[in-house]
Each structure stands twice: as C-alpha cells, then as structure tokens.
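Residue numbers (our numbering), protein chains in the order written: chain A, 3 to 418; chain B, 3 to 418; chain C, 3 to 418; chain D, 3 to 418.
Honestly, the hints are just simulated from the structure, not real lab data. One thing to keep in mind: the hints can contain errors.
As the list makes no split between identical chains, a pair holds if one copy fits it or if it spans any two.
Below, computed lysine-lysine pairings styled on BS3-like, alpha-carbon distance capped at 25 Å [claimed, not checked]:
id: 1; residue 1: K103; residue 2: K154
id: 2; residue 1: K60; residue 2: K26
id: 3; residue 1: K281; residue 2: K154
id: 4; residue 1: K370; residue 2: K228
id: 5; residue 1: K38; residue 2: K411
id: 6; residue 1: K228; residue 2: K321
id: 7; residue 1: K60; residue 2: K370
id: 8; residue 1: K370; residue 2: K411
id: 9; residue 1: K103; residue 2: K228
Number of protein chains: 4
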Amino acid sequence: MNIFETLESEVRSYCRGWPTTFDKATGALLYDETGKEYLDFFAGAGSLNYGHNNPLLKRAVIDYMLGDGITHSLDMNTAAKRDLLESFEDIVLRPRGLDYKVMFPGPAGANAVEAALKLARKVTGRESIINFTNAFHGMTLGALSVTGNSMKRSGAGIPLVHATPMPYDNYFDGQTPDFLFFERLLADSGSGLNEPAAVIVETVQGEGGINAARAEWLRGLSDLCKRNGILLIVDDVQMGCGRTGPFFSFEIAGIEPDIVCLSKSIGGYGLPLALTLLKPELDVWEPGEHNGTFRGINPAFVAATEALKVYWQDDKLEKSTLAKGEQVDRELTALVESHPDVPMRAKGRGLARGLQFQDAALADQVCKNAFEAGLLMETSGPDGEVVKLMPPLTISDDELEAGLSIVAKSVKGVLA
Amino acid sequence: MNIFETLESEVRSYCRGWPTTFDKATGALLYDETGKEYLDFFAGAGSLNYGHNNPLLKRAVIDYMLGDGITHSLDMNTAAKRDLLESFEDIVLRPRGLDYKVMFPGPAGANAVEAALKLARKVTGRESIINFTNAFHGMTLGALSVTGNSMKRSGAGIPLVHATPMPYDNYFDGQTPDFLFFERLLADSGSGLNEPAAVIVETVQGEGGINAARAEWLRGLSDLCKRNGILLIVDDVQMGCGRTGPFFSFEIAGIEPDIVCLSKSIGGYGLPLALTLLKPELDVWEPGEHNGTFRGINPAFVAATEALKVYWQDDKLEKSTLAKGEQVDRELTALVESHPDVPMRAKGRGLARGLQFQDAALADQVCKNAFEAGLLMETSGPDGEVVKLMPPLTISDDELEAGLSIVAKSVKGVLA
Amino acid sequence: MNIFETLESEVRSYCRGWPTTFDKATGALLYDETGKEYLDFFAGAGSLNYGHNNPLLKRAVIDYMLGDGITHSLDMNTAAKRDLLESFEDIVLRPRGLDYKVMFPGPAGANAVEAALKLARKVTGRESIINFTNAFHGMTLGALSVTGNSMKRSGAGIPLVHATPMPYDNYFDGQTPDFLFFERLLADSGSGLNEPAAVIVETVQGEGGINAARAEWLRGLSDLCKRNGILLIVDDVQMGCGRTGPFFSFEIAGIEPDIVCLSKSIGGYGLPLALTLLKPELDVWEPGEHNGTFRGINPAFVAATEALKVYWQDDKLEKSTLAKGEQVDRELTALVESHPDVPMRAKGRGLARGLQFQDAALADQVCKNAFEAGLLMETSGPDGEVVKLMPPLTISDDELEAGLSIVAKSVKGVLA
Amino acid sequence: MNIFETLESEVRSYCRGWPTTFDKATGALLYDETGKEYLDFFAGAGSLNYGHNNPLLKRAVIDYMLGDGITHSLDMNTAAKRDLLESFEDIVLRPRGLDYKVMFPGPAGANAVEAALKLARKVTGRESIINFTNAFHGMTLGALSVTGNSMKRSGAGIPLVHATPMPYDNYFDGQTPDFLFFERLLADSGSGLNEPAAVIVETVQGEGGINAARAEWLRGLSDLCKRNGILLIVDDVQMGCGRTGPFFSFEIAGIEPDIVCLSKSIGGYGLPLALTLLKPELDVWEPGEHNGTFRGINPAFVAATEALKVYWQDDKLEKSTLAKGEQVDRELTALVESHPDVPMRAKGRGLARGLQFQDAALADQVCKNAFEAGLLMETSGPDGEVVKLMPPLTISDDELEAGLSIVAKSVKGVLA
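So here's chain A without its partners, still in its complex pose (with noise of 0.2 Å):
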C-alpha cells in the first residue's frame, strides 16, 4: 500500500480511475513518474482551458513571484488585482455589452455559487431556489442543495431543503412544451411551490452528463424569470472561459443573467479563483457580508489578465473552439452511426463533448481502455453513462485526432 492509500482518506476518487502517480504537464500532455505520457481529454474538469502550465501564463506568474509581487491579499486593493479587473472590463464585458458588478466570493465556483445564492436571497426576501435535474453547483452546503446527484447530496447529512428541481432542456425528449411545469406551478397560486428567489442554470451541464440546452430553452427561461420576477443565475463556472466557444456560456442566447458564477479556467493556470458577476441594482451587500481568505491569489489574478489578454482580444481561440468542437462531433456521430444496433448519442457544444452509452459500464469500460492506451478521460451523467471529452481548447489538431483516434478504439474495443 501507498501513502495515498495508508494516510488519504477513502474520499479520493479520480485516483482511483487513473491508477498512477502523475509529475510532469504541459499543455495537452501529462506524464507519470515512469515518464509515461498521457493525452488530456479532461482539462482539469475545465480548469485547464489554455492547457497545463501554459507557457505564456507561466511565465507572467512567475515574473510577477520573482519581483515579489504580492501574493496573498484578501480583498485589499493590488496592482495585479486592478489589472485583472480593467483587463476584465475591457476584453471581456465592454465589448459584449455586459453590465456587471465582480465579486471576489472566494477561491472556487462553490463560492461563487454560494455567494448568488445568498445575494439572490438577500435582494428578493425569498428563500426558495429552482435548480435543474442534474444539476452540479457543488459541494458546500449551499452549491450542493442545489445539486442534483443523489449521492452526494446523501453526504450532506441533513435534509438539503431550499431547492425545488425542474426538468432541464429536453428532460423529456420533446414530449412537452418547455417550462410546462414550471410555468404551471407559478402561474397556479394553489401549486404549493414556494415562490423563488432565483433560478440557477448551467448551459451545458456538465457533471450532469454533458447536456447542452438550446439557446431558445434558454431565452424561454430568461424571459419566463422576468416575467415573474424571478433573478436568473447562470453558474458558468465549468462552461464559461470559452469552453463551448465563446467567453460566456450563454452568448449564444443573447439573454442577459442577473447573476454570473465563474471560475475554474477564469485562473487561467489552474490557481484557484472565482468571481461572481451581479447586475449594479443588485448590489446590496454590507462590507465584509460574504467574506473569505482566500479571495486574493494575486498569481492568480496576474494569470487570469494575461489569459483574457492572449486569448480573447480577438475571437481567434472561439472559432478554433467551435471547428474542433464539430471535428470531435463529427467524430463522434460517425462511430454512433457505425454502430447502429448499440444505444449511443453524441451529445455537446464547443469542446465539452459527450458520448452518452445506454449502460453505464460501457461508458466506464472506454475510460479505462482509454486510460490503458494513455488518454484521460472521465464519465459524466448520474450513472455515470456519457464519456465525457473535455481536452484543452489549446490542444493542437494533431493531439485532439490522436485523442479521437484513442476514443475510437476505445469504444470498438467495448463494443466488440
């Protein structure tokens, strides 16, 4: 047995699917200590959008360490934080026409999605929260009432109350108009639904079995929250930073979110940062009502402004998103089709992909074939049914068809 084995406790689980002790990364690549090497389809669960140790950040981190900037620093004002902030107005919201106040909850997207929660709470006086079949907001006793897997919401302990599910785009593959639930249960004032705060959404759902909503369910619950007014979160922490091609997540939707969850790729190296973006009308907190120590990674922050600054001045990395997120479609729909009397669907938008199995073991079954032939990649879906491909949206044409090729035979080797 191993120190990971004898002293980590049994909550560790990617381990446990890529059995090896990895050392080294860099952009679409990782290796193990026997130096083996290995393709990443897996990013990081979205962390790693510019892949690992991007060059370009790596070097504006570790000028900024060496001249001792300052790296620790709560919610004081830096150089390196006001950067990111005007480099975050100007590249990211002024162009889009996005008007948003940013919130530094935190370091990770269940900060985030804490932070909106209780600020939807704090302005409407509502506690109720609508979340979605499937939903991932994450693992703190706020993010995980409104996450839908069951086992980890067992994990809580205590009844996570607060939360009213509602079925997600294509719930039930077109058997019904959209929102005819909900619609119902607000429109009817005898419904028994307690009236919401907020409504809290992911684009794509990742976690969730890589389930991308079209952008016309999303401009229906746009609309259906300000009808009734209702604040609308997108928590955009795994989808947003580009991975389904642009900056945000619900571009494509041309709506508007009152509240916005980012994190994982917005560090842009992999350092832990978040931010929520609230309308300027929402903006009602007291100093110091939602705090934390670690809000202030500057290195973090000098990466994310460098990051915004490479990669999204021009829409460069959104097109290279979008053509190798229908390569990896058209890919995956061709082994679909090559396999007409096995239960497939290829599934996503941009580069968060999925190849949803009927049987879950299958989908599992390909991981591991992938792992054994030096791809990572993991499973998604309540069973865990979607192969989920989520690579670097830097990795090279040759790396992604080489990852391609690997799932293919990956999945000829299941099926055969």
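Please build the complex by placing chains B, C and D on the supplied structure of chain A, with the hints as guidance.
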C-alpha cells in the same frame, strides 16, 4: 473613482480600512504602489505565518513550476502530493503520536469545515452541531451556520439552523462553572436540545476577539464529548500551523480531536490549501462523496511540504513564537497598566494577541492610526472592539519591536 | 360594531361571506337569529355528512351524557371507545377486506395528517414528502407544509420545507402522461429530488377546487409508490365517510393506502374526532410518542359508532349519495350547456361537486346570490373560482332540488 | 387480547398505566365497567378543572342540544359564540384590565400554540423561537419543535429547528442569576443566536415536572422581552382556567403577555376548544390565513360560557383552589419530611402539585400503588420522576383528603 469603486462589489472590505493599492511584499513588509512600506501585523488573516513571499518557499514553488511540475490535479495521485503526505506524516503526525487520515476537501478553510460537518453528521446520523459564542468558521452555508457574527449570518438569506451556540470559555467571566449549561442540557432528556453530532471549536477565537480558551477548558470539552458520544472538531484554520506556538493549537491541552480543520498557513505561501484530518475509524466516505475542483493545487503542496521541512523539523519556530508572543503580551500589558482609567485588556496566546477596548470606536481608531504610521492591523470581536495583532511568525525582533512601538503610539494617540 | 368585529381576530372568515348570526340547525337547514332559514350546501366543510343535529345521533349522545358516560378520557380504555373500535372493525374494515390499525391522533384532521407524516418519516427514515398541486391538508405546521395555497402557506412565517408538489391528475389537461415528471425524477438518481418517505393525496381535492382524480390515476399512484418503496397516505378527511359514495373515497380505485386520515364526518355529529389508520406492519410507535389531550372525546365516539350502525351496515346511503350526486351533476351540466359562451365546468364525484368559472369574481357572486336566496355554499380552488356544492348526504330530494334551483338562479343572476 | 390491543395502535399510553376500562364519571370520580370507583387526581391532564360531567355544565349543554342549537359552525357567527365572547370579555378580560383580541385557532391546545407561533413570526418577520427546558406545547410539528421531551421530539422524523431552549426558572438550583445566558446571548451580536420572534413559556410546567416559575422570574422574562422587542407567549393551556388559583396563571406576576394560549379547561366540560388571545396591535391576520374545521364547536362554547358564569364571577373558586393547594402542599411536605433519608421534593402552585423523586421508578410505583388503591395520578418530568397531583378544582374536601391519604400510603408503600 478608481476601478475598485466602480467595478468591484460593495462587499469588499479590507480595502476600506487600508485605502491604498498594494504591490509588493516580503516577509513582514508590504509596499504600496507609491513605495510606502507597511509592517504587517495581519499576516493574511493567519495565512502568512511564514511571511510574504518567503524566499525558501518561493524557490521551491518556482523550481517546481519551471520544471513543469503538474499544477492542477484534483485528487489524482501526484509526486508533489505524495511528498506532502509523507512530510505531514513524518514531521507532524508521527512525532505527536497522532493518528489521522488526511482529506483534501477543497481550497479553503470553509471547505475543511464543510467536510468536517458532513462527516460528523454522516458518521453519527445526527444533524445538530454545537458551536460557541463568537465562533467563526466560514461563509459557505454549512460553515456560516456555525458562525456567530449576526451581520454575516444575516447574509445567508435563509434561517440558519441545526446549530446551537454554547458559551465559550470565560463567557461569563468566571461566574459559572465550565459547561454548566451544556452538560445540563445534555443530561436532561427533556431539555429540548437536539442530540448533537459534533462540537466545533476554535482553541483561540480569532475573529471572535482573540479569546483564548484555557487548556483545562479544552480538556473538559474533550471529556464531555467523549462521555456523550459527540465528535469533537477543532477548527485550527487560523490558530494551527504554529500561530499559538505548537503546530496544532490544541497540543497544549493534550487532547486528540476527532476531526481537525487546517487551512490558511498550511499552504505556506498563501496559496489555497485545506486539509481535514479525521480519525481513521471515521473514514466512512464513499469515493467522491465530497469533492472539489481546487483540492489538488500542487504548487501549494510544494510550498506546504517545504514549510514543514524548514520550520517544523525542530522546535525553533515554536519556541520563537512563544517568546515573541510573551514579548507582545508584556508590551500590551504595560500599555494597559499605564492607562488604569481606560478599560483595556491584553488577550491571547502565542502570536495571536489582542488589545480589547470597551469602546469599539477606540479600537478602530487605533488601527487607523497604525495604518497612517505604516502598520497593518485589523480589529476583531463582535463589535470590532479588539485590536488584533497577528504578525508573521517569522517576523524579526526588530520588526516586531518597531510594530509594537507603533501600536503603543497609536493607542496613546486615541487616549490622549 | 358587534362583538365579533370588536373582539374576534381578523382571521375570521366564513362570517364575512355569510353576514348573519346563526342559532339553530337541523338536517340540511340552518336558522339565523331572525328565524331566516338557510339550505346547507356546505355541511360544515364536510363534517356534517349526516346533517345538523341528526336526531338518531343526538339521541345516542344525549343518552350517553345523561347516563354520565365518561366524556373526556384521552387514550384510556373506555366502553364507548371499545364500541367504536368494534363497530369500525365490523362495519368498515372487515367487509372491505382492509387490515389497518387505528390511531387516535387528536381531535382534528390536521392531527391525523401530522401523525401520518410523522409515522411515514419514522418508518422510512426519510424526511421528504410528495404532495400535489392544490392540496389541502391542514394548518398546523406539518400539515401546512404539504398544503398548496400560497396565502395559507405564507401564514407559517417560516420557509415550509420537506415537501415537493407534483401535478395532480389532469393538471395539464391531458397534455402529458400520468406521473411523467414524478416517475422521471424518481428514476433519475441525479434529479435532485430528495427520496420521499411518502406521498399524501386527496382522491378529490375539496379546497383545491373539487378536482376528482380518476380511479386509474389513483391506481397508477399506488403502483408507483409500491414500486419505489414510498408510503401512500390518503387524506380522506373531507372525502371519506361517504362523501363521494363509498365509505372510503379510494374504494373506487381498489387500492389500499398504507395510511389513511379520517376526521370531519367520522364523528358523525360535528364533534371533533380524527383517526389515522395504518397498516399493522407500520405500527412502530413508542407508547405516547404522539399524543394529545382531546384524542378521547367519548360523545364523539358514541355519535361515530351510531353513525356507522345507522348508515353503513348496508349500501343505502352509498347508493343514495351516488344518485344524488348524479342529479347534481346533471343540473350543473345543464347549466354549463345552457351558457355555451361562458367558460364553466361541472366537476366532482358523489356529493362533492363544483361549478368552475374562469372568473373567480363570478363564483363569488354566485355564492353571494345564493346566500341572499337562502342557500349556503362556499367557493374553493386556488383563486376561489369554483362554486362548491357539498350538501349533507342525508339531504332530502326536495331540499336538494330546492337548493339546485337556487344555484341555477344564482348562476343565471351573475350571467345575465 | 382485547380490541384495544388488537386494533388500536401501539402509540396508546394512558391505558397501559391504568389497565381497566372506564365507563362513567362524575365530579372527581371515575368508574370502570366493573363498577370500581377511582378518585381522579389527573383531571383529564388539566381539561376537567370543573370535574367530570359537571351537572351545571351538562344541563346547559344538553339543553342547547335538545333545542337544536347549531353544533358545528366553523367561524360563522353564532349566538352561542357571541355569548362566549361577551362572557369572556365581561368576566375574564375587563375585570383584569386585559386588552386582547380572541382567535379560535382549532380545537386543541396545539392549535392555539401553532397559531401563536405563526402570528409571532408573521408580525416580527423572524423565524426563531425561544422555548424553555422541559417545555411541553403539543405534538403538531410547530408545537413539537418548542417541546423539550426527546422521545416525543424524535417522533417528528425530521430535525426540529427554529427553536433554542433556555434554562427555565431555577434550572441550576440558584447557581446562576436569572436569564444570565439568555441576556448575554441577546446582547452579544456575535453570539450566534438567531434573533427571536418570541419566547414561549408555561408559568408552571406540567408535563415538565410541575416546575413552578417564580413571579419575579416571570416579570424578569417579560421585561427582557420588552427590552429586546421579543413577543412573549404564555402557554396557559394546562395552567390557565384557574389551575393555579387565578384564571390566568400569569396574574400572580402582574405581567401582560403579548399572546396567550388557552385550551383544556376553557371548554369546561372536556369538549375541545382552544383560544389564542392576542394584543390588538398584533392582529395582522388575513381573513382565513389560519383556519380549521373544528374551531366552532358550539356545545363547547355553551359549556365554556356556563363555566365562566358559574365559577368566575366571584373569587370563590380561586380562593378554594389556593386553599386546597396549600393543603396538598402541606401533606406532601409532611411526607417529604417524614422520610428525611429519601430525596423527595414537594413542588407546584395552586392545584398543580408534584412530588419529585430522585428515582423515577419510585414515582412510577407510587402511581401504580395509587391505581390499585383507587386513585388516578400520572407521573411527569423528563424521566417520569415526578408524581403529579392535579385533582379537579371542584373536588370536595373529603375527596381531596381521601386522595391524599392514598397518596401517602402509596408513597409509604414504595419506601417501606
């Protein structure tokens, strides 16, 4: 208006008390953009026990990054994580005869607390937690529910339940026996107290006003928990890692909590890291039942490992902290004694020290004066009535003396 | 201002729609202090199925009282209680092949519901309850949490949690298959629905607007519960005791709920009595784990026993109720058909009937007109859009006809 | 096995301690089916202050029924209800200078409590309630959440929240000043105590073990509530209607609670009736926001009115109750003093008296002995360690003496 005022949320707080823009920092010194130097009696709210940009830790981190050591790995096995686990076992646990498993619950102290609460509830099948008056455990919903501050609690927007506050040590200035109320409620099957899963306690309450519990009170609490089948959680996020002298703040009491929360200075360099330590028999987690994107930040592992190796292989830091703490206490006590007509009180343990005023406005003004004179200190306590002195443990004697001199002048300034 | 206006709380309600002072009552007739006679299509909200001051029941009660039969006995054994239990077994349970234990949960329907919810949670170890849109189960906190009406829910002053509303039969006018949403949420381990302890349902929703669930829907619900290990609670407080024809309203579906709530007319004479019936294998209560001061009102036991003996030893009342119900339905249907341009709908089952308007103001005016003409009816439904016809089951044909004639005139009055 | 054992739920309790079947009852006497006579020191748990089948009240009720006075009227205006309201104002409120509005919340004490809690929360906009150790307020979910008994609480099947227990008068045997903990938690904005909407208190805890709060403690509580903007609810369900001497048990303290709960003996004859009294300025209810089917039982109104007229137009009953209470106390005290080696304690006020043992098994055996000897008494207190003496207030001197004689023998029997 600068961009912090126009773009950042009103929730920002430290920047209000320290109205400048910081840029660089080393050891116990920060520098703002104009080059003005500030002595640091704040230490990142306890995250910078080894000082800003500690050169030994910086070297290790930068070397790791330059070598393309993997940065972000969730809970995969990595070489850097193995080093940390081994060092933690060899340097921290084994010499102290402590038997814990280690959980990586996410990047921040609140994650360590959320995981601890979940686990205590899961293990016991009970929901209720006992916390203490003026406790601070974090801002996520689970952690906030066991936090005392009413302004912060009101931010939740929902009623915070499942926690019952008990009086902290000396809450009644010695009028009542320790645990009088708590013991009686537990013993009385008609008391109406829900049977607790766990007690969560800080050995010294930092945010609560530098209230230091006596060793015998901590022992009494530990005994009470054992007798009643209640798990004892020590939140050592702020007071651990040597802040009060020994590595764990509870060592002075000779107790062994069931669960221990670490964060802040465990990462060494101000990079987000948190650990939840749990007795092996409590390790009932399902794989992945608690998770988090930023629970594997390898530069933080590297800095943490280096900090353990540099500072905790012998007792030099511990002794130095105790000595410096005594020095601070002597000077605060002298200040108190030199103003017999002003109700003040010197408080604390190790290098977690406080000067309590009756009038919170005085404490606030002391910190303002100190800032003007180039010293960073914050207030704590329910009304901000305590000036909080928490320099880096690695502060030099001269710096400490210089800081204390500013403290003395700042106090005299408000009392003049 | 009279004393009702000066001394009684603003919460009073029925006295507002029927602004007179009642004095005497017999059968289907009430009399106010001026001697004005009112036909009763309200029947104590379902508590007076056998009419006001039913002479047979009155005789039994008065004889019992004159003989100094014990009046108030909590859950001591009494002769009157034995008679009730024996009659309930012989006349109600055994002939229907039903195997239940009987619990006396307190005097009112809400107590029967509170006990049912407690028991379901205790047995299953789960907290969550599924209720239905437009459900009404009572005003105490447990019962209110599964009640739909938003005005009544807001009276709680705390967030009502642990209940999730599902669409009642025909909630979407046949657009969706039965239980589409419910089944899918249960089957999907990522849905975010807390695993339910129980479903609570009314077979006909009285307060909700006289919505009658189809027998096949009830069977579907029963099957769904069995398949998923969820307890089925039928709240037969208003629709039991023959209101819809058979003694239990669920008999038409051939189902056997796990728990049944009875109150209102079970006491026969309008005296408070409630029963919770439970499958023997669910009887896990500790002695006294649920109690209540008024759970042993012997005059109510006596009236209840007499009512069973008089009305339920044969099927005359059931047949008569069904026949009268058909008559009401015919006349309501004729009313609807004679006004093809006004959206109206005849609803209900047995002698629980409703006339639904699109415009709630019309329904309200119909009841006002009827009151002026000497007929008591209330509205129900989320917005009060349904005129509710619930005469005593023992109403004479002439009285019923006279009442329906007033209904017709009252409707025509508002549509003129 | 009799039908109680085969058909009635295991939750039944009083029948276990008193294993016979009762049939008739008058005044302070009950008779079982064999004709055996029992003296009643139980009085329907406080519901039969005027004795079983009190002939004056019986006459009034039967006359009303024979005249076809309306029985069941919800909250319609009725002549019988007017009589009750007028009598209550004339006989109870006005002479005491009390200004309350009267709400009919449903048939039982728990309904009065549920309505009180709802109203306090609605008025204040806060959720949290302060209750006291060993409180008993009822079994419905709201009332149960402020009840102390752990066995009864566990019956809820969900975590009971929104209530925090404070120590009742003399909980620490005089070791601490009154309200030490409560005042401190309120004054300390960092205490973690949710700001309370209301305090709910019994002046003498019946179920809790006949704990009588001192008048000065009650005054202190009232002052504390006023100073802190907290509503004071006195639950006088068991101790009101003269049980301790005066009509309201809080009269001895000269306080005016914001809300008062009455039930049990308010109906006079053991018929279900409950009232919630509220200061006029608190009457913010919407019509129908709280309701209940059995909130208008006119025979109970008639008996209640008659009881007020017979017993409360002068101070004879009050004086007699106090005198009899003194007699009981003397005899209990003599018992205690005659066994100096057995830890016993005489407790209580008026005719709510208790004899507390250290060993609950002794108290239980005393009641068993008494039953054998023809006297009904129950135990109370968290472990059933208190023998509870609550005869009808109308018990004759001879009966009282006879009962006390049995008590003495029963005690001696267990101590022999």
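Hint check:
{"no.": "1", "hint": "K103 x K154", "verdict": "between (32 Å within a copy, 21 Å between copies)"}
{"no.": "2", "hint": "K60 x K26", "verdict": "both (14 Å within a copy, 19 Å between copies)"}
{"no.": "3", "hint": "K281 x K154", "verdict": "between (31 Å within a copy, 22 Å between copies)"}
{"no.": "4", "hint": "K370 x K228", "verdict": "neither (45 Å within a copy, 38 Å between copies)"}
{"no.": "5", "hint": "K38 x K411", "verdict": "within (19 Å within a copy, 62 Å between copies)"}
{"no.": "6", "hint": "K228 x K321", "verdict": "neither (31 Å within a copy, 52 Å between copies)"}
{"no.": "7", "hint": "K60 x K370", "verdict": "neither (32 Å within a copy, 38 Å between copies)"}
{"no.": "8", "hint": "K370 x K411", "verdict": "within (12 Å within a copy, 67 Å between copies)"}
{"no.": "9", "hint": "K103 x K228", "verdict": "within (20 Å within a copy, 42 Å between copies)"}
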